[in-house]
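Undergrad: Spelled out, the chains give:
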Amino acid sequence: MNGGRPVASRTPNPASLSVLVIDENSIRASIIEVGLREAGYDNVTIIDDMNGLARRIMEINPDVIVIDIENPNRDMLESIFQISRAVKRPIAMFVDKSDEDSIVAAVDAGVSAYVVDGLKKERVKPILEMAVSRFNAFSRLQRELAEARSALEERKVIDRAKGILMKMRGLSEEEAFALLRQTAMNEKKKIAEIAQSVVTAAGLLM
Amino acid sequence: MADEGHGLSPEETGMVMTMNDSRTGALAAPPRIGGEGARVVRAGFIPLVDASVLIAAAEFGFAERNGIKLDLVKDVSWANVRDRLAFRQFDIAHMLSPMPVASMLGLGSNPSPTITPFSLGCGGNAITLSTRLFERMMATAGLPETASALENARALALVIADMKARGETLPTLAMTYPFSSHNYEFRYWLAAGGIDPDCDVRLVVVPPPLTSDALAAGAIDGFCVGAPWNMVASERGVGRIVAAKQDIWPSAPEKVVGMRPDWAEAHPETVSRLIVALDEAARWCDRVDNHDALADALADPRYIAAPVQIIRHVLAGEFNLDAKGHRRVIDDYFLFHGGFANYPRPSQALWIYSQMVRWGQADLTPDNARAAASAYRPDLYRAALGDAGAPPDADFRVEGDRDGDRFMDGHVFNAARLEAYVAGFAVRSTRTVSREAGET
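These protein sequence lines are chains A and B, in that order.
Quick note on numbering: the first sequence equals residues 0 to 205 in numbering that gives the first Met the number 0.
Quick note on numbering: the second sequence equals residues 0 to 439 in numbering that gives the first Met the number 0.
Warning: the hint list may mix true and false statements.
Stated by the list, open to error - List of simulated lysine to aspartate or glutamate pairs, EDC-like, C-alpha gap at most 16 angstroms:
hint : chain 1 : residue 1 : chain 2 : residue 2
1    : B       : Lys73     : A       : Glu121
2    : A       : Lys124    : A       : Asp100
3    : B       : Lys73     : A       : Glu69
4    : A       : Lys155    : A       : Glu172
5    : A       : Lys189    : A       : Glu153
6    : B       : Lys323    : B       : Glu234
Claimed, not checked - Okay, the calculated bits of chain A under chain B, using three or more residues with CB under 8 angstroms as the criterion:
hint : region
7    : 32–40
8    : 65–78
Everything labelled a hint here was simulated from the structure, so no lab data went into it.
All of these numbers come straight from a predicted model, not from anything done at the bench.
Backbone N, C-alpha and C fix where the C-beta goes; we use that ideal spot for every residue, glycine too.
Turn these sequences into a full structure, and let the hints steer you where they fit.
TA: The following block contains the structure:
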């Protein structure tokens with residue numbers, strides 16, 4: 000119809016928004032980037048190195064900035080908005096305090112965001128929701144990885160304890176494990192904890 | 000305030016929060032706060048020595064004795080502290096003294112009304128320059144090792160003039176937050192030496208724990224920050240302390256306890272008890288014989304996580320200016336209570352506002368001045384501690400006109416003459432703040 004950009008179109012094209020993700024954790028940043036691209040945001044930039052942040056922001060001139068809440072450089076960011084006349088003046092995402100649920104979800108997930116003043120809430124909400132869900136997914140992955148690591152460590156300790164018991168008490172592997180399990184039950188502890196004390200004690204005695 | 004006989008019973012409101020009262024056997028039962036349901040006070044803080052009063056209140060029983068469980072939550076940025084207070088994740092927060100003023104003026108990213116009924120004391124800040132820059136100041140200006148803060152600033156001005164003449168990159172200097180005592184103190188010191196902080200240097204923000212590394216890496220040439228980070232840099236041999244806050248203006252309030260006005264209104268009894276607890280903790284922190292215990296608590300990884308001997312030096316005001324053995328002892332470097340340091344004086348809020356105007360952050364209007372002064376709430380302080388605990392002089396006093404409490408450039412601040420005060424500075428921002436068209 001007209002040649003100009005639709006100013007208040009019903010479904011604004013997400014690609015027209017410039018989104019900047021600042022996250023020193025480059026893996027998490029890429030996960031968010033992929034999510035945003037899948038949702039149709041083509042204009043996404045990642046910064047995982049805080050050097051020259053001010054200059055980069057001026058170059059990118061983003062409409063929306065997503066930054067992890069644990070990043071102490073948030074204060075630097077706010078100073079850039081204060082001092083610089085060259086960049087658009089974004090305001091904290093959570094200015095809309097009526098939307099308490101999404102604020103709590105974002106803070107719990109560890110996401111903070113800045114949005115250029117005047118941008119419609121509906122246009123920005125999907126970005127924040129995406130960031131929140133990806134942040135949560137990343138935390139879950141990290142937790143699972145840590146659990147897997149500690150499970151592996153526990154198995155190693157139990158194997159060593161079994162070996163010590165087999166050698167010192169002449170037990171079979173099954174008997175050694177049964178002894179560990181029985182002791183753990185009696186003392187209301189985890190098998191790995193009993194195994195660790197066997198290993199520690201053996202280290203002291205041998 | 001009557002604290003019982005109306006509203007909900009403690010059983011209905013606060014009992015879920017009393018699981019921690021394991022020590023009541025040894026102490027008298029803590030007084031209950033009826034109806035308010037706010038016995039647990041969540042407090043955000045940034046790991047700095049000037050959070051001492053809050054930390055001492057939680058660690059050494061002052062909060063508990065007054066029926067409050069102070070739940071301290073460490074945070075990483077002032078922006079987070081501000082937002083978490085605004086979004087009710089914190090009830091109160093360790094804040095920079097200009098933050099409540101900025102919030103009442105609607106400045107910054109997420110301005111949400113914030114007041115302070117209690118200042119956490121003054122002191123702790125200093126300005127550190129890289130050893131390289133300081134050596135150049137000595138060479139260029141013939142600066143003695145014992146130079147005063149003002150002589151140091153003038154020497155830096157000479158070096159900057161030299162840098163400009165040679166077409167060198169001007170120094171990059173760091174502070175902590177746009178609305179910080181550090182920003183205004185650094186600018187005050189620079190301007191007193193004839194340096195325009197907006198044109199002659201580049202001012203940036205660096206998080207306090209990173210300042211020493213940033214200086215060592217050459218990313219910045221100096222910084223103004225709270226303790227213990229100046230001493231961390233000087234003891235590493237990367238920086239030279241050139242001014243302490245006492246040199247700039249001893250009375251400047253440093254950190255305050257911020258809270259939402261609606262929270263304070265809904266929990267008057269909790270606010271009162273909190274102020275009493277903080278007052279007791281502040282008196283305790285000022286006593287030299289408690290400093291070892293305080294330093295041990297502060298050094299803990301849950302709080303500042305810095306070497307305990309540095310924190311002891313900081314509390315004693317013993318400065319290692321550099322790694323070469325130049326030392327200086329500053330009396331009352333940390334003042335947690337003495338001299339009515341906890342009293343939230345509205346005239347000091349207005350001094351902060353005057354600096355915001357001076358540097359183009361805020362417009363000078365009567366409405367703004369009223370909003371700025373309303374951030375500091377001596378009425379709440381007096382309600383808790385009585386008039387006996389409050390200073391005898393007026394809430395709006397002339398600042399910097401007494402011996403031992405002067406501004407480094409000799410100016411005197413009279414809140415009744417804000418415009419003349421700001422106009423009286425030779426170095427100030429020429430930029431006006433009025434918001435750009437389109438913003439409302």
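Undergrad: Taking the hints in turn, state whether each one holds.
TA: Checked hints:
Only pairs whose Cα atoms come within 16 angstroms are accepted, and Lys73 (chain B) paired with Glu121 (chain A) is rejected, the gap being roughly 33 angstroms. With a C-alpha separation of about 12 angstroms, the suggested pairing of Lys124 (chain A) with Asp100 (chain A) holds against the 16 angstroms cut-off. Distance restraint check for Lys73 (chain B) and Glu69 (chain A): the Cα-Cα separation of roughly 11 angstroms lies within the 16 angstroms cut-off, and the hinted pair is therefore satisfied. Taking the CA atoms of Lys155 (chain A) and Glu172 (chain A), the gap is near 14 angstroms; set against the 16 angstroms cutoff, the hint holds.
Between the alpha carbons of Lys189 (chain A) and Glu153 (chain A) the distance comes to roughly 10 angstroms, so the proposed pair stays at or under 16 angstroms and holds. For the hint pairing Lys323 (chain B) with Glu234 (chain B), the CA-to-CA distance comes to about 9 angstroms; that is within 16 angstroms, so the pair holds. Check result for the region 32–40 of chain A against chain B: violated, 0 residues qualifying (beta carbon to beta carbon below 8 angstroms, three or more required). For the region 65–78 of chain A, the assignment as covered by chain B holds, since 11 residues bring a beta-carbon within under 8 angstroms of that chain's beta-carbons and 3 suffice.
Hints 1, 7, counting from the list given before, are not met by this structure.
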